[in-house]
Amino acid sequence: MNDMRLTERAVTEKAKMSARGVQVHYGTNHALKDVDVDILDKTVTAFIGPSGCGKSTFLRCLNRMNDTVASARVTGKIEMDGQDIYDPRVDPVQLRAKVGMVFQKPNPFPKSIYDNVAYGPKIHGLTRTKAELDEVVESSLRKAALWNEVKDRLAAPGTGLSGGQQQRLCIARAVATSPEVLLMDEPCSALDPIATAQVEELIDELRAQFSVVIVTHSMQQAARVSQRTAFFHLGSLVEYGETGTIFTSPRDPRTESYITGRIG
Amino acid sequence: MSDATGHKTSLLEPDARTKARNAAERRFRLMGLSAVGLGVLALVVLLSSVLGNGLSAFQQTSISLTIPLDEKKLDKSGKRDPAVMAKVTTVGYGKLIQEALKDMLAEAGVDDGGLKPKELMGLLSKEAAADLRDRVLADPSLVGTTLSFNAMANGRVDGFFKGRVTLKSAERDANITPEQLQLAQRMADAGLIKTGFNWAFLTNPDASELRPESAGLGVAILGSAYMMLIVLVLSLPIGVAASIYLEELAPKNRWTDLIEINIANLAAVPSIVFGILALALFINFLGLPQSAPIVGGLVLTLMTLPTIIIATRASLKSVPQGVRDAALGVGASKMQAIFHHVLPLAMPGILTGTILGLARALGESAPLLLIGMVAFVKDYPASPPQGFFDPASALPVQVYSWTQRADPAFAERASGAIIVLMLFLLTMNAVAIILRRRFERRW
Ligand SMILES: Nc1ncnc2c1ncn2[C@@H]1O[C@H](COP(=O)(O)OP(=O)(O)O)[C@@H](O)[C@H]1O
Ligand SMILES: [Mg+2]
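Going line by line, the protein sequences match chains P and L. Count along the first sequence from 1, add 170, and you get the number used in my numbering. Count along the second sequence from 1, add 402, and you get the number used in my numbering.
Careful, some of the hints might be misleading.
Claimed, not checked - A few chain P residues that face chain L, going by a derived Cβ cut-off under 10 Å, partial list only:
1) S241
2) V244
3) P276
4) Y289
If you're looking for bench data, these hints aren't it; they were derived computationally from the structure. Note that beta-carbon positions come from the ideal geometry of N, C-alpha and C, so glycine has one too.
Throw the hints in and build the complete structure from the sequences for me.
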């Protein structure tokens, strides 16, 4: 925990997304209880907590992926730039173009590397010519630190890459639609340490352009990459604040026991 | 070995428990092997019986005649007008054939055994004169020339060379005499009777009870092809659309559960029930024609739909959720996620299910019997779309109606038709496998 980068770059205090009183029920299972969180602009926010405490559930509220779960019921208010994302007038498809997502298990499309990255820009009509599209694909792959490894085989299937490369391809795919917020659900859990280090480095670079929310099981990772940390326990948000504060002087005894390894 | 402790046994010698387990495994293997063996045996018996009975249907004995087409007899006016020439009936053409046959025997020096002209003609198919007449009317310029004409041998003569008819059986046969067969044998020895591949079996329409040698599958193959076309065009889009709706879009509630159960039940409904439905709905209520491929196609579509829906839903289900999440996660709409990502991945399963459904429909006979497709149809249906409304037959029904006829020559034809049907089914299954391989992608 001595490798904290949070001091290296100033943190803006402007909230990009704010959640108030968010509750999620899966059928009768009350999975998320009354969560208030502000996601700051150009900041990496980490969600930590034991398994099953609702981190993914909350993350999926932020881009309305929970809409695809039939039994899920979301209440409360989540705003992005002051607009309620659960307003009936909001089309979740449009929201998801602005709030990109990277999943726990790398899930590239069974298509070529190029098509994987080009898919988002294509369906959103972000580019007009093939040259523009090529450019977006290249810059996205560069941002995901994958360009040098795949530039000679863009037509090869994305599913043929190694696990770490696949996850970076998924990041490139999410970045290609120029989202404003990037959600990552345990992006490194399937990766080896070297690939993990690459992805972490990447997250730190992405922070210059987006706000990044990352769910992680590893407290070291949270400490390394994030400026803000939220600790969830049994569906409630226990503590939320500057990463340094959470790890050095947590206010809540549950947070302290978790980060010292006594619950989890 | 120190079995007394119960723990320290030699690794080199299996203990009692291991022995029992291994024995159980051996027994299970043996049972499985015998089950497979039984299945293979049944298949071999079935195939050899069908092939043994039916392969000879693809051979046909024929007599090639050289017939001078005399203008005076066929077209007195000399105008070559088919309408006028049609006045000459098959009797007139029969006479020409009779002369030609006599001349041929005389020329080859084959003793005609003192047979009367009528008995001589009995060697040939009753269809021969009509065939010749059709050919001349279709091409009037043949009149005045000398035509070399391949006349089919009578079914009994054909059977004689295939071993189905013997001199002994001919004694009790009103349709043939031993003397006729002996003449046929002499003609064969002189090279006047030949056996060749029976294209007419694949192209001719059905023929009446007395002319088995000219009965063919042409109308049945066309009818089956038309119906398969209708089934494919209707059931694939409807089935896939219904599956996509049910699997990807519909809310999961009591109604969709009910629909799901009903589709599963529908797939198990006996096909004859579909026939009754078709009779009531399409023929009696909607007034569509009987024996028409359109009605057969519609009822087979109804039967195939549940199969396709079940196969399609299964293959949609087997597409990993991650693919949908990935597409939705970059902001694709539900339709885009389905059509760009889920459907292509489900394609091999959908196509396999569709082809297997089609194959089942191709072999189905019960519902077709009920809608009158068993009728005797001599005329080819027109080309689509109006051909869909013309009377036609179907392969399995043709098999059925041939097995109903008395002449053993039709039993041979029925087995031959089964071989054709099975070849079609084999081809369809092969196509299913090829499509599956081609579309299959790993993820
Ligand atoms: N799709 C779902 N359907 C029903 N229950 C779910 C679903 N996803 C998560 N849950 C439940 O919600 C709770 C929180 O899960 P989750 O958000 O995945 O936790 P975490 O990501 O922190 O491990 C768990 O009790 C889990 O069983
Ligand atoms: Mg999770």
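Going through the hints against the structure:
no. : hint : result
1   : S241 : holds, 9 Å
2   : V244 : violated, 16 Å
3   : P276 : holds, 9 Å
4   : Y289 : holds, 6 Å
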